[in-house]
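Engineer: Listed in order, the protein sequences are those of chains A and B.
If you count the first sequence from 1, position 310 lands on 296 in my numbering, and the numbers rise without skipping.
If you count the second sequence from 1, position 152 lands on 138 in my numbering, and the numbers rise without skipping.
Honestly, the hints are just simulated from the structure, not real lab data.
Even for Gly, the Cβ is constructed at its ideal location relative to N, Cα and C.
Treat the hints with caution; some may be incorrect.
To be verified - Under the rule of at most 20 Å between Cα atoms (straight-line distance), these lysine to any residue pairs were calculated in the SDA-like manner:
1. Lys339/A - Pro400/B
2. Lys339/A - Pro262/B
3. Lys339/B - Lys339/A
4. Lys144/B - Ala126/A
5. Lys339/A - Glu288/A
6. Lys339/B - Ala263/A
7. Lys339/A - Val235/B
8. Lys144/B - Arg106/B
9. Lys196/A - Lys339/A
10. Lys105/A - Val82/A
Claimed, not checked - These stretches of chain A come out as covered by chain B in the derived footprint (C-beta under 8 Å, 3 or more residues):
11. 131 to 139
12. 248 to 258
13. 308 to 322
14. 368 to 376
There are 2 protein chains.
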Amino acid sequence: MQGFDVDVVVVGAGFAGLNAAARIVAAGRSVCVVEARDRVGGRTKPGTLSGHVVDLGGQWVGPDHRRLIALAARHRIPLEPQFEAGGKLIDYRGRVRRYEGLIPALPLLALLETDRVMKRIERMAAAIAVSAPWAAAGAADLDRITVAGWLDRNLRTKGAKAMMDIAVRAVFSAEPSEISMLFLLTYLRASGGLEPLISVRGGAQQDRVKGGLHPLSERLADEVGRGRLRLSSPVSGIEQDGDGVTVHVSGGEALRGRRAILAVPLALLSRIGAQPAWPALKTGLAQRSPMGSVIKCHVAYETPFWRARGLSGEAVSDAAPFSPVFDGTPEGARHGVLSGFLEGDAARTFTGKPPAERRQAVIATLTRLFGPEAGQPIDYVDNDWLEEEWSGGCYAGLMAPATMTSYGPALRTPAGRVHFAGTETALEATGYVEGALESGERAATEALRALS
Amino acid sequence: MQGFDVDVVVVGAGFAGLNAAARIVAAGRSVCVVEARDRVGGRTKPGTLSGHVVDLGGQWVGPDHRRLIALAARHRIPLEPQFEAGGKLIDYRGRVRRYEGLIPALPLLALLETDRVMKRIERMAAAIAVSAPWAAAGAADLDRITVAGWLDRNLRTKGAKAMMDIAVRAVFSAEPSEISMLFLLTYLRASGGLEPLISVRGGAQQDRVKGGLHPLSERLADEVGRGRLRLSSPVSGIEQDGDGVTVHVSGGEALRGRRAILAVPLALLSRIGAQPAWPALKTGLAQRSPMGSVIKCHVAYETPFWRARGLSGEAVSDAAPFSPVFDGTPEGARHGVLSGFLEGDAARTFTGKPPAERRQAVIATLTRLFGPEAGQPIDYVDNDWLEEEWSGGCYAGLMAPATMTSYGPALRTPAGRVHFAGTETALEATGYVEGALESGERAATEALRALS
């Protein structure tokens, strides 16, 4: 038996790992956080645009994100509302139209059907328990088909299909053909439904953190204590024995703890050799948890010219690659910013391409949506999450059909003395920073209980 | 610039890697094969049952498997026919029935529909080019849905649904809900259709290798040259520069080659750190290539008692976990063997369980199918491929919807100086040992061309 360096070794310094570590420190136990990157924050990341900090990753805060709101409040960092005054734009079947409210202007039948299917999906999601979606009534049937297959079966109008495709891409950074219907419903349920997820006011895009969301991970790291963090330390293996866990860091160093918390996306689990091997169902789940595909882009203009024309900056397209778009102007800035995403197939088309090519495609979409003024940007920045080695994609891990029913029960199950965190394992706001915080809390509770 | 240890470093000593290495040696170039396991053979593996060698992994040889047949002939190892004389059994809706031919005895409507849907699937598969299935007519639609979703839409009778479920499980070691319809068609196309894949005579189960298929990998390793093999050497990273490739082996050693061939399942790609990082579409594909789920089991009896009753030993079930079953009796043996599989959900139910529990479930199925004599085995052996760290499952990597159209073009694309082999990348007999051999040939050709 060897001695212990700490009570708990946490792998991963995103919001999940940091929150777990902060909880463990607060409980009077010792902790060390090991992180592959040279920075904290995981899937949040700061960038610079026209001299201001922008979020290249996670950005928005919803009114239900109570842990995230409390973290900002604790550090006296104010939230600012997402700008949403004015009309929205939709590029649909070759024409750009203006609309108000949640659902775009569509032919009447398409409008009625969109409304009906959204209500139906809300009802279906409400019947799912996030803690055990595989036990829901009809779970097997819902997990046999893709969202695309379900929509094909249940929608008649092209308009409603286009709307649902747009919504799914925006929420999951994936095509409707990539994910299981049961997974979609479970994910929606964890955030209170579809409407909150695609809404600004009252929804997941309601607020931003002044100065960017990323710096909150720095504050959380301060709470943990900088001396307890080891950056630039990829973990190569985890060994367990009767007493504890040895976490091997690339380069040869090893840390020994009584317990470990793994707070990395499941898609990266196989990078970490395990002795004894990870349980087969955990490995199978990791093989079946691909990350979403997204490139986040910000474009700066001399002024937020769309506001002067009564537009909110919010826009979606059924064909152009850059969708959805939001007003990303920092409060108090003189310049204007449009922020948005290349998602699913669009992200896969543009990953690995030169940034100039991406920029051109993004500006072309904005020009199509907002007119020639959008063709005169003063700055541009983007981040290709598909190329981030230590995320493997964003926003979150996805589940294709059959994964949730066959492997879901392995999601939060510890492997011996190793506990699992990460937004994918969250019961609330899965896929969001709030979910990451919640999962860290839960994993810390598990580890602390085991220590006592 | 450093010197080179060899022209080509091959990672993985399954049939794909060994065949690539043999080709490179035959071309007068130098090679080194690095293998994580302490043995060659990959997804083939020898076991012992009643004093005879049995295949715990890949086992059968079809008449189209010309490379595999040539390899056996080269080493004067005879093939023996899979025993198939007599009636077959189907356990369907609670009753065990006997039948002859390819399609079991079913109610007339179910029989007609099974015949019709199989012919339809054969026609659909025939329209696919294996080299670029994503370019086939209707590819996007076929890749939007699972096989389960397609069957639900296109079948009315319970009997035909049960038959297709049984066939899909047997061919893919997966549930129909796990895989994309386009993937299924492509896989069938690479082996000439569905009927050859589920047939004994004239199909993929026609022959076995006397003494087991696994030893052929030993002969192939002899062809490569034992001095060129490094067993028990997991690869931790691959670095590329302007001149060549450095393959880092766990423990610190490194091998330098002008080119490398990676002949491991894509599901294991993320275990191998890369500098520069793997291209994003390769990583995305690797995240979306889960391995099938299968536990292979052999049961020995005093005699092949089913033969005396005019049964071939072939049996399937729509409910019991152990299906399909074949006569696995070695030619010339006095005892009898029934060999079969726990596949898909059944494999996931029994992985991690004590072998005695698996044995009990297997014997119970056999007793249900073949009567009380099946309850008196004299020996039992199984292999849980879900727990094999260096395979991650079997028989092969699978694709859920949207994977083939979004990531398929990355399948065989080299990453700089690294080429990709493995049965998943094969254009012929994908998923089989024959496909592994073909993929090794193709990767060797690529590497040799680049060297010349």
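Engineer: Going through the earlier hints one by one, which of them does the structure break, listed in rising order?
Structural biologist: Structure breaks hints 3, 5, 7, 9, 10, 13.
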